[in-house]
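Chemist: Here are the chains, one letter per residue:
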Amino acid sequence: MLQRAGRLAGGHWRVLVAAAVGAATLLAIGPLGLTDRYQNFVITTVAVFAIITLSVSELAGLSGIWSVGHMAFVAIGAYATAYFSSRGLALPLIALLAMGAAAAVGFGIGLTAGRFEVLYLAILTLALALVGGEVIGRWDSVTGGDQGTPVTPFRIFGQLLRLDSIATVAVATATVVFVLVDLAARGRWGRRWLAIKNQRLAAISIGLNPTIENATAFGASAALAALAGVLLALQIGYISPDTFSLTNAINFVVAAVVGGVGSIAGAVLGTAFIVVVPEAARGAQDLQVIVFGVVTIAILLFLPEGIAPGLVRRAAPLLGLRRRGTAPRGGPAGNGRDQPPGDLELPPVSRPSELTVESVTVSFGGLKALEDVRLSIGPGQVVALIGPNGAGKTTFLNVLGGFVRPQKGARARFGDTDLLRQGAQRRARSGMARTFQHAELFSELPVLDTVVLAARARHRGSAAREAARTTLEALRLTDHAGSLPGALPFGIQKRVDIARALATGPSLIVMDEPFSGLDLAEQQQLNQLIRAFRKAGVSVLLVDHAVQQVLSLADRVFVLDYGRIIAEGTPEEIRRSDAVKEAYFGSVAVTA
Amino acid sequence: MVALVTACGNSGGGGTQATDTSPIKLGAWNALTGPIAVHGLAQVAGANAYFKYLNDHGGVHGRKIEWTVEDNAYDATKTVTAAHKLIDQDGVAAIVAANGTAQTAATFPYVLQQAQIPIINTYGGAAAWYSPPQANLYGLQTTYEDQATILGKWAAKDGYKDILVIHSDPAAFINVANQVAPGVKSVNSSATVRDLSVKFNTTDYAPIALQVKNMHPDAVVAILATGELVSYLKQAGQQGLKTGLYSYAPNASADVIRLAGQDAEGLKSEAWTLPPDDNANPAVKEFLGAMAKYEPNTQPDYESLFMWAAAKIAAQALSRINGTINSASIVKAIEGMSNYDSGVMPPVSYSSSNHLGGTQVQRVQLSGGKWVTVGKYVGANSNF
Amino acid sequence: MNELGAVLISGLVSGATYALLGLGIVIIFRTTDVVNFAIGDFGMISVYVAFALLTHAGWPVVAGVIAAVLVSGALGVVTERTVIRPLGPGRTFAALVLTLALSLILVSVAGMLFGHTPQAFPVLVPGTVTLAGLVVAWQKIATAGLALVAMGVIAFFMRYTTLGIAMRAAAEDPYAAKVVGINRSLIAPLAWFIGCGLAGLAAVLLAPDATLTVTLMVAPLFRAFAGVFLGGLQSMVGAAIGGFAIGVLDDLAGRYVSASFRDTIVFGIIVLVLFLRPAGLLATQRRERV
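As you go down the protein sequences, you meet chains P, F and H in turn. Quick note: the first sequence uses my numbering, first residue 26, plus one each step. Quick note: the second sequence uses my numbering, first residue 238, plus one each step. Quick note: the third sequence uses my numbering, first residue 3, plus one each step.
Rather than coming from a laboratory, the hints here were simulated on the basis of the structure.
Ranges of calculated distance between the beta carbons of each label pair, as one might list FRET restraints:
1. P533(F) <-> L41(P): 55 to 63 Å
2. L274(H) <-> G212(P): 35 to 43 Å
3. D395(F) <-> Y258(H): 29 to 37 Å
Glycine is no exception: its CB is placed at the ideal position from the N, C-alpha and C atoms.
My request is simple: use the sequences and hints to build the entire structure.
Modeler: Here it is, written out as structure tokens:
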């Protein structure tokens, strides 16, 4: 509860600061009249450009997508304003149209994001920028070509919108945008996007759809850029194509990196940097550019996270603040045994289901990774799939997870659902969860947020938060709720991974090498945990080569070698099997 | 020419304006950094040399001119920012000798309409700026469209019958290139005019030179930026192309001589001004002296001489004001200028219905590595 | 037909310089994970140095070319030592922004030192030759020839010398170089020297046909990057082929399809290729380095 209160207060604090800065600026340029028109213009530029930087920076920070094509969206906003202004359309309607168009284009590009590495995706956005530039150059009737096109002045409440009021409109809009983006970034959207950015597979395993989420993020970011374009058109009153040059597009990447990627305050500071530094050094010509370049490099070297996060980090110790996740609350972080799960009581599973897999064959370029594999797990059963390295265990996991498609003839039923007909992210919702060998936690999400996110696979609204708390309590993780994974010992990380899987409300948990990296005491705890799963009716598939541990737990064991099931039976039968001894020649000893 | 300076000196010495000795503030924007800084710096040097020269010779009515140049990096947003700085903070009375077509156009809503500050004699601009005339906007450059017509007439008068117009592909170039044919036809209605469009910023003109060779024109009119013209000249030289060659005023420059060398020999071009190395002409000599003194690091060229003239014409308007010098009086003085001869370029006339002062050009030809004048000043309607 | 031949030759010759630049970009990226946007400007500065040596010190053109390569390479080493290494590993985008800033600085420094007036850089070999009815400048032949020789030398170096093998190994696995017995701290500066040296060569080959200004390398660098992404950021052969392909495509598209939509066509093709092969024509999907 305290935690939650702190969170909310933290969030409010940020919103309040953003609103206060915006309001102070509005007062300064408005009623107080502290600034002249030139300063108003520069402030307007910072406000409008900050929205663009924010759209680039948050997309990179939350989704890991870097765009150098955002000027194309700014152009959509700007030219739409110019074009429709002369046709008497109302400004809000134009803004909505432009944002919608940009969002649609951005959504389309975002759909492809999963296909490319970050630098290649950047090239895709570069292509967008180039195409945009050439379209602007040729579509004279709308854009005026390289000569540009004027914007017909707007009237608001019968008043002609002049520069001073445009400054007000721009600062107010920017403030609202910043507050909303901050809320979204720290809210459900942001958490989903961070999860996907941090661990794509793990995110899919709790039911997130990276393709759609990336596309949504890109679309939202594009819409923001278009909004900035509308404001830019109002501010300048004339649209000239050089505004959307590649140089300017790259400048916003500079602003985002220098300010601090994904940081709200960083977007403002980074923008102020690219606007105000050259403005302040007016008249110094080449020297001005050199100063700009040198300061940029200095910031990259000495404030590696960017201005805003870098300053916070430096100032925090002075102000007695501690950043979230740098040290876990409640006791030393030295080991993972401080609070053993103890006697675990899990609520019984609502719909125990059976998994049956038959005739699964997978080949990669003629090489058979799996051949005619079958496996079944009854409700509440603990089944182990063992095999030496390279036996095909990972491929089998990928087939279950939906990342590898088996050849025709394969069957995989889980309860009422035909797994092979379901996309990877839908499988979480049908009750199948997964844990990972290296925990694969979302490095930028605190433990509680991670588990809440997982709980949303099953629960809506505040129920998800309640379910997450219950899960954390059951696994004795409550004290780590506010920590980032990086600050936790590996044993605890693996427990959080289990909590994440459990929170989706699964009837089957597939565990990839759950014992690896754990010390003896932690292995004992895991044993207890798995027994508790069985008691609660959750089936477990253990995929591991820690044979001794697995054999002592499992109800039934399947042995995989060279892509085929070579033995199946109770642990006792497997221990005696000659085939298994042969396959494990020399590797049986490597258990812990 | 020296008369203006002397006159100013006199009135400044003991005239009616003696009470006000504060500087007259003027401003401009130009590309001091970025891809076209080459041109920006040369242009600024010319106007700056004039204002310094004028100030050292007594200024206008005894008042010095304070001409502030802001860098716009050839970017529209930065240009509007510069305009605000000049008008809102520096309080300039007029924008004189600035640069950039689309960039300057971006400032119109604020500068011309809201702040009502005149923009005078910009390098660049379009025909549409002046027809119909807009309040507070005054120009000096004979439109590129008119220049194209003149080129067409000139080539036809020279006896060429199959003329190829090579031009870059943005609309600004196409509109200009389209005016060559009417010029040709007005002289020789049976001559053919063909058209070859090239992507703007093409660096390798070898294929284009070859294509021109295969088209066998007897003359080529190049509506290209200087770098591309040079590239074309070099490649045409390599291919052994022998045609008449014409280009327009932005390309009358020492750069063409230095960069294209022998391949540029014989090139005919229009020029804004007299050749900038013409020491025999007293007005040009005055320019050369001032450049040597105030801008020793800039080689005098057509661009700097044109901006010198732009500054000189604006200063002439200032000197004609009796009374308060402000934006409104400057506008009135400009509109009163008729057939004013700066000595370095064709005479200019402004009026309330004509805001474009310049309509004529000087024809020049590259001969022996030097630009030499061809005939007198001509305009699109001239007979020559 | 004749014209098509000329278009292809021009495309291949410009492609050769893009290929050199692209090779430089890839060599640096593979070893240090840095996308070097300043690489063209190292070349630009070194051409100015060569120009000064030719015009003021009266050096022969060949000496100027060698000087350009060495100066550019040396600038690369200094950069790696002074700003790239302190930046630390795994900061791809910070490094990218850093080299962008560096590029701004270099262009401005060049402007202050050498002035903004465009200069004519002398050709390596004057004159023309007629090949199958086509007039081709010796300069073009020299450009293509030198570029090919340079690529051959790099290929030999990477394939057959201990140092080269160590560099390739280090690109695959940071610890592999140790196995070959090469001090790892040498690999990065060496990669920067070779990469930037190649850019110096590309610049000095481009300078005579363009004109020497501080923005000499902006457009070629852009095309070189297009080639690199077409071929694959990890593949040296890919970058070379990509460079040639972009050179030819660029000229063909500009000449025969649409001058106004040249970039759209070229990048449209790149995007298409990337959709089919998401890491470039010749690269295997990149392994993330931990």
